[in-house]
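A.B. asks: All residue numbers for the sequence shown refer to the working numbering, where the first residue is 1 and numbers rise by one.
Read the hints as simulated data drawn from the structure, not as lab findings.
If you're wondering where the values come from, they're calculated on a predicted model, not measured in any experiment.
One thing to keep in mind: the hints can contain errors.
As the list claims (entries may be wrong) - Heads up, simulated DSS-like pairs for lysine-lysine below, C-alpha to C-alpha not over 27 angstroms straight-line:
{"hint": "1", "residue 1": "K87", "residue 2": "K6"}
{"hint": "2", "residue 1": "K84", "residue 2": "K53"}
{"hint": "3", "residue 1": "K53", "residue 2": "K16"}
{"hint": "4", "residue 1": "K84", "residue 2": "K16"}
{"hint": "5", "residue 1": "K84", "residue 2": "K67"}
{"hint": "6", "residue 1": "K67", "residue 2": "K16"}
{"hint": "7", "residue 1": "K67", "residue 2": "K53"}
{"hint": "8", "residue 1": "K16", "residue 2": "K87"}
{"hint": "9", "residue 1": "K6", "residue 2": "K53"}
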Amino acid sequence: MNTNLKGATYERAVRKMLLQGAYAYCVRSTCSRSPADLLAWRGQGRLAAVQCKAGAMSCAAAMRLAKALVLEMPIDTLCLAVHKTAKQDYCCHQGSD
1 MNTNLKGATY ERAVRKMLLQ GAYAYCVRST CSRSPADLLA WRGQGRLAAV QCKAGAMSCA
61 AAMRLAKALV LEMPIDTLCL AVHKTAKQDY CCHQGSD
């Protein structure tokens, strides 16, 4: 599987997880060069921007990615970085301003 297909597959899996959770809507930014791979909305006015990483990434690197995403997104956007670890498929880190 090439890296684009691997990333797209992981983005779809994260999207499915978000929709099964608290989020009412979630859209994937196909072939994007934007800061976020997914935009999700809970229905209470709060938007979440999600950066997904299917490859090996440490939690420290994911935290840095989530914090960098905060600088790219509008104020009051929940910024998340989701990555795989050896123990779990979805390890989520929230950026803060």
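A.B. asks: Check the structure against each numbered hint from earlier and tell me which ones fail, lowest number first.
C.D. replies: The structure conflicts with no hint, since it agrees with every one listed earlier.
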